[in-house]
Amino acid sequence: MKMDRRDFLKWTAAAGMVATAPRWMPTARAATEAWQGPYWLTIHAAGGWDPTLLCDPKGRANENTPDPVNHYFTDDIVEVGPFRAAPVSGHRTFLERFRDDLLVINGIDAQTNSHETGTRYTWSGSMDPGYPALPALVAAAEPARPSLAYVSHGGYDITDGLVAPTRLPDTSAILQIAYPERLDEDEPDSTLLPESMLARLRSARDARLQRQIDAATLPRVKRAMSVLQQARTGDNELAALAESLPATLDGSNNPLRRQAQVSIACFKAGVSMSASLSMGGFDTHGNHDDSHTPNLQRIVEAVTYAMDEAERAGIADKLIIVVGSDFARTPWYNDTNGKDHWSITSMMMMGPGIRGGRVIGATDERQVPVGLDAGTLRTVSSGGIRITPADVHASLRQLAGIDGKDPASRYPVGSLLPILG
Amino acid sequence: MRTSSVPVPTSLALVLLASACGVGPNDAVCIDNAAFFRDKVYPEVVQPTCMACHTADGLARDSDLVFVTTARPDHEAANLEVLAEVAGLEREGQSIVLRKPLGMDQHGGGPVLAEDSEAYALLTEFVSRLDAPVVCDDVGKVTSADAGLKLMSPVSTLRKAALLATGHLPSADQTARVRTGGEAALVTAVWELMDDPAFSDVFMERLNDVLHTDRYLRDNDAIGIVDDDDFPSLYWYEDAGDGDYSKARERTNDAIAREPLELAAWVMRNDRPWTEVLTADYTMVNAYSAQAYGIQGTDWPSPADPASLDFYPARIEGFPHAGMLTTPAFLNRYPTTPTNRNRHRAWFFYKTFLATDILTFADRPIDPTVSSAHNPTANDPQCTVCHATMDPVAGAFQNWDEEGRNRPREEGWYAEMVPPGFGESMLPSPERTHALSWLAQQAVSDPRFPTAAVRLMLEAYTGLAPLTTATAGDDAEKKAALSLQDKWVEEVATELVARDHDIKYAIERVLTSRYFRAIEDVSAADGALLQAGTAHLLTPEELDRKITAITGMPWRSSASSRDLLLDRYLMLYGGIDSFSVLDRLRDPNGIMAAIQLRMATEMACEAIPHDLVLDNAQRRLMPYAETSYEPFTDDGFEVPEAEAAIRRNLQYLHLRMLGEDLELDSPELDATYQLWLDTWRAGKDAMVAGEVDDDLMGACTAQNDPWTGDSLPSDHRVTRDPRFTVRAWVTVFAYLAADWRFLYE
Chain W
1 MKMDRRDFLK
11 WTAAAGMVAT
21 APRWMPTARA
31 ATEAWQGPYW
41 LTIHAAGGWD
51 PTLLCDPKGR
61 ANENTPDPVN
71 HYFTDDIVEV
81 GPFRAAPVSG
91 HRTFLERFRD
101 DLLVINGIDA
111 QTNSHETGTR
121 YTWSGSMDPG
131 YPALPALVAA
141 AEPARPSLAY
151 VSHGGYDITD
161 GLVAPTRLPD
171 TSAILQIAYP
181 ERLDEDEPDS
191 TLLPESMLAR
201 LRSARDARLQ
211 RQIDAATLPR
221 VKRAMSVLQQ
231 ARTGDNELAA
241 LAESLPATLD
251 GSNNPLRRQA
261 QVSIACFKAG
271 VSMSASLSMG
281 GFDTHGNHDD
291 SHTPNLQRIV
301 EAVTYAMDEA
311 ERAGIADKLI
321 IVVGSDFART
331 PWYNDTNGKD
341 HWSITSMMMM
351 GPGIRGGRVI
361 GATDERQVPV
371 GLDAGTLRTV
381 SSGGIRITPA
391 DVHASLRQLA
401 GIDGKDPASR
411 YPVGSLLPIL
421 G
Chain G
1 MRTSSVPVPT
11 SLALVLLASA
21 CGVGPNDAVC
31 IDNAAFFRDK
41 VYPEVVQPTC
51 MACHTADGLA
61 RDSDLVFVTT
71 ARPDHEAANL
81 EVLAEVAGLE
91 REGQSIVLRK
101 PLGMDQHGGG
111 PVLAEDSEAY
121 ALLTEFVSRL
131 DAPVVCDDVG
141 KVTSADAGLK
151 LMSPVSTLRK
161 AALLATGHLP
171 SADQTARVRT
181 GGEAALVTAV
191 WELMDDPAFS
201 DVFMERLNDV
211 LHTDRYLRDN
221 DAIGIVDDDD
231 FPSLYWYEDA
241 GDGDYSKARE
251 RTNDAIAREP
261 LELAAWVMRN
271 DRPWTEVLTA
281 DYTMVNAYSA
291 QAYGIQGTDW
301 PSPADPASLD
311 FYPARIEGFP
321 HAGMLTTPAF
331 LNRYPTTPTN
341 RNRHRAWFFY
351 KTFLATDILT
361 FADRPIDPTV
371 SSAHNPTAND
381 PQCTVCHATM
391 DPVAGAFQNW
401 DEEGRNRPRE
411 EGWYAEMVPP
421 GFGESMLPSP
431 ERTHALSWLA
441 QQAVSDPRFP
451 TAAVRLMLEA
461 YTGLAPLTTA
471 TAGDDAEKKA
481 ALSLQDKWVE
491 EVATELVARD
501 HDIKYAIERV
511 LTSRYFRAIE
521 DVSAADGALL
531 QAGTAHLLTP
541 EELDRKITAI
551 TGMPWRSSAS
561 SRDLLLDRYL
571 MLYGGIDSFS
581 VLDRLRDPNG
591 IMAAIQLRMA
601 TEMACEAIPH
611 DLVLDNAQRR
621 LMPYAETSYE
631 PFTDDGFEVP
641 EAEAAIRRNL
651 QYLHLRMLGE
661 DLELDSPELD
671 ATYQLWLDTW
681 RAGKDAMVAG
691 EVDDDLMGAC
701 TAQNDPWTGD
711 SLPSDHRVTR
721 DPRFTVRAWV
731 TVFAYLAADW
741 RFLYE
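Top line first, the protein sequences correspond to chains W and G. According to my numbering, the first sequence is numbered sequentially starting from 1. According to my numbering, the second sequence is numbered sequentially starting from 1.
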C-alpha cells in the first residue's frame with residue numbers, strides 16, 4: 001500500500017521525529033484534504049522600487065523647483081479616499097477598486113542600501129543571512145502542508161531547509177509527471193504493471209527508504225532522506241494541479257501575471273499554501289522615470305490580475321497579498337536622470353485579517369520618515385518610532401498564526417505594533 | 001597585573017591559542033580562551049560592532065586594532081592576537097578595549113556598545129580571561145582528518161568521484177588498483193580522473209554555477225555582446241556559405257560565451273597556476289572565435305572537422321588581457337551603469353576570487369536620512385564600510401564600459417570616488433591602461449585568493465555552500481563547524497600555494513575529504529556533523545549523466561530528442577538557466593519526486609529490454625541472468641541454479657546502480673529478490689488468469705537503437721515476455737532507479 005500522509009505522520013510520530021526534530025528536520029504532515037487556505041502571495045519588485053512614483057508621492061511644485069523628488073507636479077497627484085498616488089496611468093483605477101481593502105505602509109526604514117540585505121530584510125524580517133522568506137515560513141509552520149506548499153517564482157526564496165520550494169517555469173509537463181507510472185499520461189491503463197503489482201513495488205520502495213532512514217546516523221543524510229520521503233507523499237496533488245492549470249498561460253509582457261496565474265491555480269488545486277512572485281527592472285540608476293514607471297504599472301496590474309484570478313477560483317476571500325521591494329530610490333535624480341538607493345521605503349498589502357482603507361506611516365517632503373507613536377502609529381511632532389521590516393513581519397506572522405511557534409520562533413523578528421489594524 | 005599603556009606580550013595571545021587539554025568535546029564546563037573568542041567574542045562583538053571600521057580597508061585602518069576578515073586563513077589566531085594585544089593597553093587602570101566601545105578616549109566611532117549590554121559583558125570577560133587563561137584539554141581533536149566520522153571506502157569514493165566529476169563509472173582497472181592500493185591508489189586514480197576530457201566539461205559546469213556566463217550559450221547572443229567596431233571580422237560566418245552559416249554562427253557564439261570557463265578549464269587541465277584565471281595575458285579561442293576576433297594566422301574552420309571546436313590560448317593584438325576578467329562574457333554578465341561605476345563588478349570580484357562578500361559588511365542598520373556628509377560613499381562611515389573596500393577595485397575596472405568594451409573615460413576616473421587600487425595599494429599611473437592586469441596581480445598575491453579557490457572547489461564538488469562568518473545568532477554547532485571548515489580550508493590553501501596554485505590539488509583534497517566521503521557518525525567532533533554526509537541531490541545534469549553511465553542509454557522521449565533532464569525537465573528538476581534562475585534546488589519537491597518516479601518507470605522499460613538484446617559480455621544490467629531463468633518450474637519445483645543466477649544479477653545491479661556492495665544473503669538483497677519473486681509469481685498467475693498477455697507494451701520493448709532510432713535486426717528485438725521475467729527485472733530496475741542511492745551521491 002502506498003504510504004499516504006496519515007501513514008507518514010504515524011511513522012514519524014512513532015519515531016519521535018515530531019517531538020525531537022532538530023532545526024533541519026522536515027516536519028511530518030498530517031492527513032488532510034486539499035489545502036483550503038489562507039493563501040499567501042508576495043510580490044517582489046526586485047532592484048529597489050520608488051514609492052514616490054506609487055503610494056508615497058511627492059512631486060514638484062513647478063518646473064523651477066530645485067532638485068525635485070519627482071518630475072511630475074504636486075497638483076497632479078491622485079487622491080482616492082485615504083490614499084495618494086503618483087499620477088501614473090492605472091493607479092487611480094487600482095486605488096478605487098481596492099480602497100476598502102488596501103493597507104499602505106509608508107516610511108518603512110529598511111536600514112540598508114544593499115540589494116541583498118534589503119531583499120532579505122523585506123521578505124524575512126531580518127538582516128541576518130539564512131532567515132526564511134515569509135511565505136516559506138508560513139508553509140513550513142503547517143504540519144499538514146501539501147507537497148508543493150511553497151511555490152517560488154524568484155526573488156528571496158530562502159527556506160533554510162524548512163520546506164522544499166517548488167519552481168514552475170513550465171507547466172506543460174505537469175500533466176505528464178502527474179501520473180509518473182503511466183507510460184502514456186492520457187491513458188490510465190498504460191501503467192508499467194497492473195495496479196496490484198505496482199502497489200507491491202511502491203511498498204517495497206517505501207519500506208527500503210524507511211530502512212535507510214532508520215539506519216542513517218548522519219543528520220544531513222537523515223534529513224535529506226526524510227525530505228525525499230515527504231516529497232513522495234503528494235502524487236495525487238499533482239493530478240489535482242494538472243486539472244486546475246489553465247490550458248493556456250498568460251503570454252503578456254508582464255511576467256507577474258503568469259506567475260500569479262500559476263500560483264492561483266496551485267492554490268485552487270489545494271496543493272500550495274504560499275507563493276513568492278518577483279519581477280526585476282527596478283534598479284534604475286539611469287533614465288529613472290521612463291524605465292521605472294512601466295514596471296510599477298506592472299506591479300499594480302499584477303495585484304489586480306491576481307485578485308481577478310482568485311475571484312474566478314473562488315478563493316479571493318482567503319488570499320493575502322503583500323507587495324514590497326529591496327528598499328527605495330533616492331529623493332533626487334542623479335546625473336544620468338536616474339535614482340540611486342534610498343533606505344526609506346513602502347509596502348502594500350491586503351487580505352483577510354488586514355484592515356484596509358488605511359495608510360500608516362509617513363515621510364516628509366524629502367522622503368524622510370516622520371516619527372510615529374508606537375501605540376497608535378499616528379505621526380508625532382518629534383521623536384517617535386520608525387516602522388522597520390522586522391516590525392511588519394512581527395504583525396504578518398501574527399496574522400499567519402505562526403508567531404511564537406516553531407519554526408518561526410527560531411527566527412525572531414521585530415516588535416508587535418498595531419500595523420494590521 | 002597590567003600597567004598603563006604596556007601591551008600584553010604577543011606570547012600571551014599565543015599561549016591562549018596553544019592551550020592543551022583532556023576534557024571531552026561535549027563537555028560544557030570548559031571553554032578555553034580561543035574557543036571563547038571564536039564562539040562568543042568574535043561573532044557577538046567583533047563582527048557586528050568592530051569589523052565595519054577596524055579592518056585593513058576600513059576607516060580605522062590606521063588604529064592599533066585592525067582585524068582580518070574570515071577569508072584569511074589564519075583569521076582566528078590573528079584576530080585573537082590583535083585583540084589581546086590591544087586589550088593590554090590601559091588608561092586609568094582600565095583596558096582601552098573596555099573604554100573605547102563606550103565612546104571614551106576619543107573613539108573615532110563614538111559609543112558603539114552600552115555598558116549593560118551582553119556584548120560588553122562578553123568583552124569584559126574576555127579581558128579578565130587574559131589574566132587567568134582558561135585551559136582545556138580537548139584542543140586538537142577537531143583537527144583530525146576525519147573528525148570522528150567514518151568515511152566511505154576508497155573504492156566507493158572512486159565511484160562517487162568518477163560519477164560526479166566525469167559522469168562515468170571508473171574503469172575496472174582503476175577500481176581494482178584502488179581496491180588493492182587503498183588511499184594512496186585513490187589519490188592516483190583521482191588524478192587520472194582529472195585527465196579525462198569529461199572532467200573538464202563537468203568542471204566548467206560547476207564553475208558556471210558561480211560565474212553564470214553560460215547565459216550567453218546557444219541562442220542567447222554572445223556575439224551581440226562583442227562590438228564589431230573593435231572586431232571588424234566578428235560576423236565572419238556570414239561568408240561561410242549557406243550550408244555552414246548556422247553552424248558557424250552557433251559555434252562562434254558559444255565559443256565567445258565559453259571563453260571564461262574554457263580559460264579556467266585550460267588552466268586546470270594543464271596544471272597552470274590557478275592565478276592565471278585572473279592574470280593570463282591571453283584568452284581561449286577555437287577556430288570560430290579566432291575568426292571573429294580577427295586573430296592572425298588562424299585557418300578558416302571546417303565545421304566537419306571536430307578539431308575546429310578545440311580551444312587553445314591566444315592573444316588578441318593590442319588587447320589588455322587579464323584572464324577571465326576581460327572576456328566579453330564576464331564583463332557583460334557583470335555589467336555596470338554610469339552610477340554603479342563598476343561596483344557590482346567589484347563586489348563579484350571580491351566574493352568570487354577573494355572569498356569576501358562586501359555586502360555582509362552592511363548587514364547592520366544604516367540611516368542615510370541623517371547623513372550630512374558630502375559625498376557619503378567616500379565620507380559617511382555608514383557608506384564607507386563597504387565603499388572603502390569596493391570602490392578602489394571598481395576603479396580598477398575603469399577601462400571597461402557598460403557593454404564590456406575597452407573604453408577608458410576620456411576625463412579619467414571619478415575624482416570623488418576613492419582612488420583606484422586594491423586594499424592599501426593605489427593603482428600606479430603607468431598601470432592605468434592595464435589596470436585589471438595590475439589588479440589581478442595584486443589579488444592573486446593576497447592570502448584570500450587561495451582560500452577562495454579552495455572554498456570554490458569545496459562547493460563545486462560537494463554542492464555544499466561553505467559556511468561563512470559566524471554571527472551572533474548562530475548556534476554552537478555551526479560555530480564549531482565553521483572552525484573545523486576554516487582549519488581545513490587553511491591547511492589546503494597553504495599547501496595549494498606551496499604547489500604553485502595547482503587547482504587539481506585542491507580538487508583532490510575535496511574529493512578525498514570527509515566533506516565528500518563521510519557516511520557514518522562514529523564519535524563526531526563538535527560541528528563535524530553539520531556538513532557531513534552524502535546528501536547531495538544530483539542536479540539534472542548529474543542525474544542525466546549517471547543514467548547514461550549506468551544503463552548505456554539516455555533518458556529521452558525519442559532517439560532524436562534531447563535528454564529530458566537537460567530539456568523538458570531541466571528547470572522543473574531544480575536546474576538553473578544562468579540568467580533568471582541562478583540557484584539550484586537542493587531538496588526535492590513533489591514535482592521533482594514525480595519526475596524521479598517517471599524516470600524510473602521509463603528507464604526501466606527502456607533499459608532492461610535493450611540490455612537483453614546485447615551479448616552477455618556487453619550487457620550493463622543483465623550480465624548474469626537470462627529471461628529464461630525462473631526460480632521455480634511450472635510444477636513448483638525449485639531451480640536453485642536459476643535463483644542463484646538471479647540473486648547474483650541482483651547483487652550486481654545493487655553495486656552498479658547504487659554502489660552498494662551486498663552479500664548474497666544480506667537482508668537488502670533478500671528484499672530485492674522478494675520483490676522480483678513476488679512480481680514474477682503475480683505475473684505468472686495473471687497470465688494464467690488471462691489478465692495479462694505475453695506481449696510487452698510498446699514502450700517497454702526493444703525494437704530500435706536508443707541512440708539512432710534505427711530498427712534493430714529482427715532477431716535482436718525484445719517484444720515478448722512469455723515467462724513474465726522481463727517485467728520482473730523491469731520492476732526491480734524501477735525499484736532501484738528511484739532509490740535514494742541512485743538519486744543522491
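There could be a bad hint or two in this list.
Covered by chain G, per the in silico footprint, the following chain W stretches (three or more residues, Cβ under 8 Å) [as the list claims (entries may be wrong)]: (1) 66 to 78; (2) 309 to 316.
Label pairs and their in silico Cβ distance ranges [stated by the list, open to error]: (3) G:E115 - W:E96: 46 to 56 Å; (4) G:E403 - W:A215: 18 to 28 Å; (5) G:T708 - W:P194: 47 to 57 Å; (6) W:D214 - G:A644: 43 to 53 Å; (7) W:G314 - G:E115: 25 to 35 Å; (8) G:H107 - W:R410: 28 to 38 Å; (9) W:G281 - G:N270: 36 to 46 Å.
Don't read these hints as lab results, they were simulated from the structure. Just so it is clear, the structure is predicted and the values come from calculations on it, not from any experiment. Note that CB positions come from ideal geometry on N, CA and C, so glycine has one too.
Evaluation of the provided hints:
Figure legend: the stretch 66 to 78 of chain W, annotated as covered by chain G; annotation inconsistent (0 residues with Cβ-Cβ distances under 8 Å, at least 3 required). With a cut-off of 8 Å between beta carbons, the stretch 309 to 316 of chain W has 0 residues touching chain G; three or more are needed, and the interface restraint is violated. In this structure the supplied range 46 to 56 Å holds for E115 of chain G paired with E96 of chain W, their Cβ-Cβ distance being about 55 Å. Checking the proposed 18 to 28 Å range against E403 of chain G and A215 of chain W shows it is violated: the Cβ atoms sit about 56 Å from each other.
For T708 of chain G and P194 of chain W, the hinted distance range of 47 to 57 Å is not satisfied, since their beta carbons lie about 33 Å from each other. A C-beta distance of roughly 30 Å is found between D214 of chain W and A644 of chain G, which places it outside the suggested range of 43 to 53 Å. Between G314 of chain W and E115 of chain G the CB atoms are about 59 Å apart, so this pair departs from the stated range of 25 to 35 Å. In this structure the supplied range 28 to 38 Å holds for H107 of chain G paired with R410 of chain W, their Cβ-Cβ distance being about 35 Å.
About 42 Å separates the C-beta atoms of G281 of chain W and N270 of chain G, a value consistent with the hinted range of 36 to 46 Å.
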